[in-house]
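Respectively, the protein sequence lines represent chains A and B. All letters in the first sequence, in the order written, are residues 110 to 494 by our numbering. All letters in the second sequence, in the order written, are residues 84 to 221 by our numbering.
Rather than coming from a laboratory, the hints here were simulated on the basis of the structure. Since we're looking at a predicted model, the values are computed, not measured. Mixed in with the good hints there might be a few duds.
[What the hints assert, rightly or not] Estimated spans, in silico, between C-beta atoms of each pair: (1) B:D139 x A:Q235: 26 to 34 Å; (2) B:V199 x A:R274: 26 to 34 Å; (3) A:A381 x B:L129: 27 to 35 Å; (4) A:R274 x B:L129: 40 to 48 Å; (5) B:D139 x A:P181: 52 to 60 Å; (6) B:V199 x A:Q235: 36 to 44 Å; (7) B:G220 x A:S111: 56 to 64 Å; (8) A:G462 x B:G197: 47 to 55 Å; (9) B:V199 x A:A306: 31 to 39 Å; (10) A:R308 x B:A189: 17 to 25 Å.
The beta-carbon is built from N, C-alpha and C at its ideal position, and this holds for glycine as well.
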Amino acid sequence: MSLSGQAAVTGIGETDYRRDAGGRSVLRLQLEASLAAIADAGLAPREIDGIVLPMGTGGTVAEDFVTNLGIPDLRLSTTTPLGGAGAVAAVQCAVAAVAAGLCRHVLLPLGRTGRTGSRIGARIHQMPQFRTVGEFEAPAGALAPAQYYAPMARRHMELYGTTSRQLAEIAVTTRRHAILNGNASMTRPMSIEDHQASRLIADPLRLLDCSLESDGAAAVVVSAADIARDMPRPRVLVTGVAEGHPDSPSAITQRPDMTRLGLAKAAPRAFAMAGVTPADIQVAEIYDCFTYIVLCQIEDLGFCAKGEGGAFVEGGALGLGGRLPVNTHGGLLSQSHMAGMNHVIELVRQLRGEAGAAQVEGARLGLVTGYGDLGDGTVAIMARG
Amino acid sequence: MTEMPRKPVPEPGPETKPYWDGLAEGRLLLQRCAGCGRIRHYPRPLCDACHSFEADWVPASGEARVHGWTVAHHPYHPAFRAELPYTLVTADLPEGVRLVAQLRDAGPEALRLGAVLRIGIEDNGEGQALPVLRLAGG
Numbered sequence: 110m111s112l113s114g115q116a117a118v119t120g121i122g123e124t125d126y127r128r129d130a131g132g133r134s135v136l137r138l139q140l141e142a143s144l145a146a147i148a149d150a151g152l153a154p155r156e157i158d159g160i161v162l163p164m165g166t167g168g169t170v171a172e173d174f175v176t177n178l179g180i181p182d183l184r185l186s187t188t189t190p191l192g193g194a195g196a197v198a199a200v201q202c203a204v205a206a207v208a209a210g211l212c213r214h215v216l217l218p219l220g221r222t223g224r225t226g227s228r229i230g231a232r233i234h235q236m237p238q239f240r241t242v243g244e245f246e247a248p249a250g251a252l253a254p255a256q257y258y259a260p261m262a263r264r265h266m267e268l269y270g271t272t273s274r275q276l277a278e279i280a281v282t283t284r285r286h287a288i289l290n291g292n293a294s295m296t297r298p299m300s301i302e303d304h305q306a307s308r309l310i311a312d313p314l315r316l317l318d319c320s321l322e323s324d325g326a327a328a329v330v331v332s333a334a335d336i337a338r339d340m341p342r343p344r345v346l347v348t349g350v351a352e353g354h355p356d357s358p359s360a361i362t363q364r365p366d367m368t369r370l371g372l373a374k375a376a377p378r379a380f381a382m383a384g385v386t387p388a389d390i391q392v393a394e395i396y397d398c399f400t401y402i403v404l405c406q407i408e409d410l411g412f413c414a415k416g417e418g419g420a421f422v423e424g425g426a427l428g429l430g431g432r433l434p435v436n437t438h439g440g441l442l443s444q445s446h447m448a449g450m451n452h453v454i455e456l457v458r459q460l461r462g463e464a465g466a467a468q469v470e471g472a473r474l475g476l477v478t479g480y481g482d483l484g485d486g487t488v489a490i491m492a493r494g
Numbered sequence: 084m085t086e087m088p089r090k091p092v093p094e095p096g097p098e099t100k101p102y103w104d105g106l107a108e109g110r111l112l113l114q115r116c117a118g119c120g121r122i123r124h125y126p127r128p129l130c131d132a133c134h135s136f137e138a139d140w141v142p143a144s145g146e147a148r149v150h151g152w153t154v155a156h157h158p159y160h161p162a163f164r165a166e167l168p169y170t171l172v173t174a175d176l177p178e179g180v181r182l183v184a185q186l187r188d189a190g191p192e193a194l195r196l197g198a199v200l201r202i203g204i205e206d207n208g209e210g211q212a213l214p215v216l217r218l219a220g221g
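For reference, chain B alone in the conformation it holds in the complex (with noise of 0.2 Å):
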């Protein structure tokens, strides 16, 4: 029997840990530098503003809207084989960020630039919580 390949999973470093973790728990957390206040995405060591390791974790509001988007047609890894086409927005989080996740309950066809999203929380089969994306008031 062969077993069907994995999706890819993150390896999450100490100052990335608190990210997943928090999705983990259902919680969409982004790093905020505890010397100027800086949101900053995707985590990492440094705020390139001021310079400070030092740094907390506030949940996101869960509002975004859309950036860009792309829908993958091609199997470039067999475990995203059954889901193709899927749709991949780039999303800009009111707080200075932005997210790339997949859309579900629409096609790209409902996509505009500035459209309102609605951030949620979702197992991506295989144990991994990833945050996904839904049209506001769709």
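For reference, chain A alone in the conformation it holds in the complex (with noise of 0.2 Å):
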């Protein structure tokens, strides 16, 4: 059986971005997008009976949503820990419980106080999936995402040469769509220069290569096709999905391929399950931890091949109009750090012709990725249907 076609994300929800939290904890937070969601999805929060959590942010738990929105059957409970790549992650899992029958509408909520909690940066030695490089890398100085991914970059350039105002690109098309969004963090123009400007994080990466650290949370509903094909929302079905784990998961270090991620496994699957191609995709929200992560899926895709990504983004490609919009709400680099959910927002925004100033014109088939971790990675296609 393909899952193909089998769910609908129908409903969305989030949280404003444009502030800090005011002291709502993450579980307020995550509970107002969930019942954000679960009214665009035209349901009762009583008629979910499954919960999958993205990721351990936070620290809820899905009896906190059985207890608050008051559900009285829940039916599956489970979690996707692969950081940047759970969200979506998520959705594979939500599509795979209501085609089997387990459930009809399943809620991913997720959410984070990254800017006023615990900082993103500081959290992760914390986390199982960081404990080999927490014992041998971060001893020597290597202690944040960004230093981890840094050589990655480097050795692409190297490789390649990709350069750093090819990263820009992606940084200040980013940034257009972002203040395009009414829901957006960071709503300052920003030039090629700007970034060239800005300070060095982790060599090659500059502050403006960085995503951000956000308060907020999105949730979605996923909901078995069928039935979906009743409820309010225009219908943005799943018709691929797919999750794939690099080599050498825990240090990237020891990957024979560092410019290779997990989502080259996943991308041809998701593909070959949505019987399409990447010529076919008409807009993309595509995991943004960094600028080059971008750039690497993008080719990991099947975008471009590999090393033609700093080509591929040159000239406004990824903006509106360009070959691939990618991004269109501004991105965890310009809209809110929300790991991903509010890509899968995004989407489903544009497929149903609610993106407003940013809405892509005629769209019916997009993508959305997820990046985690040390590189995880997730894709999941969806077409309006």
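Both chains are sitting in their own frames, so use the hints and assemble them into the complex.
Put into structure tokens, the structure is as follows:
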């Protein structure tokens, strides 16, 4: 049985990303987003019968949602601890659950106080996924995701001639999209020169190559496709979905090819499941914890060959009207770091035709990716229908 | 008086302790599968090729080549602030595994993929022995 077309994203909900949480707890934020998503789906909270928590951030558990939402008969509770790949992994998990008949409506809540609470950069060494690098690389001074990922970018530059100005193209385009979005943290225009003048964090990555640390929450509801036909919003079907883990998943250092992510394994499976090719994709929401990670995923998705990502992103190619509009909401770089759940939501908005000033005209087919921890990759292909 | 935060230290487990003990004695040891002879790094319980739990430890040749690098500019940890900027090199060892260590006696502008390095061992200033890398002939 293929999962293609078995489930739809039927509800989306977000908090305000423009300011900090003002003392609201992570659970409170996640409940706000969940209620918004459930209402968007035209459901009552009691109709939720599955919960997939995409990542451990904030420490909330399914029991919190049962208790606060008043869910009488939860039939599935699970987590997808793949860091930033977790949101799309949760979509895969939810699609499988409804396709198997375990659940009808699965809630996927994600939220954090990354700005006012525990800093994202400081939290990672408590995570078991980072245990190996914590023992063998942190003592040398490799302490944060930027420092673990930067050597991948450096090697890409040395092998293929990729430049910092090409990475800047990604940051600048993403900022331009955030400015079009009414719910983005960063709304000041950015130029290539602004990017080039921003301070080095982990060379070759500069400050404006790095994503935000944000407060907020985002949630979606995934429902069985046949039920979704009678729900209020335009139906957005998940037609392809896959998860991929890189070689040497606990240490990028030991990876045979440091420029190849887990997504390179997942993408061909997702495209085959959906029966489409990269050339068919009209809009792509690509996980952007760092600019380089976007460039690498564009290659691993098959939009261009390995090494050609730098040339691919030049000249505004990722902007509205470009060859592949990417991160039309402003992404983690400029909207909010909701670990990719905001990317899932933006893809649904685009395919519903509800993306406002950032609407890709006539978008009916798009994809969303996740990138997590030390290279886990996920991708979902969705279609209006 | 506020105490200066200390640098992160390894918390070795049974499978990794010989590696750290070796560094403390001035030797970079690599874990070798006693079943199939494959060198593996970072140290771990099981050989993923032959699934033997048995392993011994062999000294590294001391040579390496540049595979990638980054220069740390941001103080993610206060104990490293005084050392900024420092260069972290990912290096290929002829044994088939890689090492991450700080570069000594040269800046990143001297680095090229494949450049030959020599492995040294140094105290990190707080009593922890760590490998470091120098360009060969530099």
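What hint numbers does the structure not satisfy?
none
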